[in-house]
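Asker: To convert, take the position in the sequence shown, counting from 1, and add 11; that gives my numbering.
Hints were generated in silico from the structure; no laboratory data involved. Backbone N, C-alpha and C fix where the C-beta goes; we use that ideal spot for every residue, glycine too. Please note that a few of the clues may not be correct.
[As the list claims (entries may be wrong)] Cβ pair distances, simulated, as ranges: (1) Glu-21 / Ile-84: 53 to 63 Å; (2) Gln-26 / Val-93: 15 to 25 Å; (3) Ile-84 / Gly-117: 42 to 52 Å; (4) Arg-88 / Asp-113: 33 to 43 Å; (5) Lys-36 / Arg-88: 44 to 54 Å; (6) Ala-69 / Val-31: 14 to 24 Å; (7) Ser-61 / Ser-95: 41 to 51 Å; (8) Val-31 / Gly-83: 14 to 24 Å.
[Said to hold, decoys possible] Straight-line C-alpha distance at most 35 Å; calculated DSBU-like pairs for lysine-lysine: (9) Lys-98 / Lys-116; (10) Lys-98 / Lys-114; (11) Lys-98 / Lys-120; (12) Lys-81 / Lys-98.
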Amino acid sequence: MENKSKNLSEEQVSQIAERVGVQLKQQQVPATNGANRPGRMSAYLVGAASGLVLALAAPFLRPVMRRAVKGGILVGRYARQVGSSMKEEFEDIVAEAEADLDKEKGESKEEV
């Protein structure tokens with residue numbers, strides 16, 4: 012068996028969604044005991060349409076998501092580099108401060 016899949020264009024997807032919307036509006040079920048509140052059908056329609064759009068757009072979204080992940084990795088690497096540089100700088104400052112204290116301590120002993 013061959014796997015023959017066809018990608019729908021955005022225009023075709025919007026036409027399908029529009030037809031589904033028209034059919035759902037024609038077949039609206041009356042509310043019974045508040046179980047089917049107004050707007051629930053439109054929420055179902057929006058959910059179904061968004062699921063359909065995401066399923067059809069998945070091949071196009073994959074490269075976009077891959078670029079976003081790559082960007083996140085690059086930002087993480089840069090942040091790690093900056094953090095490492097800041098740590099080294101802080102360690103140098105601490106070493107200088109300790110050296111100054113030791114120097115001052117040595118000078119004060121010589122004066123006594």
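Asker: Hint by hint, say whether it matches the structure.
Answerer: Consistency of the hints with the structure:
In this structure the supplied range 53 to 63 Å is violated for Glu-21 paired with Ile-84, their Cβ-Cβ distance being about 30 Å. Judged by the Cβ atoms, the range 15 to 25 Å given for Gln-26 and Val-93 is violated: they are separated by roughly 50 Å. Under the hint 42 to 52 Å, the C-beta atoms of Ile-84 and Gly-117, about 49 Å apart, fit the expected range. For Arg-88 and Asp-113, the hinted distance range of 33 to 43 Å is satisfied, since their beta carbons lie about 38 Å from each other.
For Lys-36 paired with Arg-88, a C-beta distance near 52 Å keeps the hint of 44 to 54 Å intact. At roughly 19 Å, the beta carbons of Ala-69 and Val-31 sit within the given window of 14 to 24 Å. A beta carbon spacing of about 43 Å between Ser-61 and Ser-95 agrees with the range 41 to 51 Å that was offered as a hint. Distance hint for Val-31 and Gly-83: a CB-CB separation of about 36 Å, inconsistent with the stated range 14 to 24 Å.
About 27 Å separates the Cα atoms of Lys-98 and Lys-116, which keeps this hinted pair within 35 Å; it holds. With a C-alpha separation of about 24 Å, the suggested pair Lys-98 and Lys-114 falls inside the 35 Å cut-off, and the hint holds. In summary, the hint linking Lys-98 to Lys-120 is supported, as the alpha carbons are separated by about 33 Å, within the 35 Å threshold. For a cut-off of 35 Å, the pair hint linking Lys-81 to Lys-98 stands: about 26 Å separates their Cα positions.
When held up to the earlier numbered hints, the structure conflicts with 1, 2, 8 and fits the remainder.
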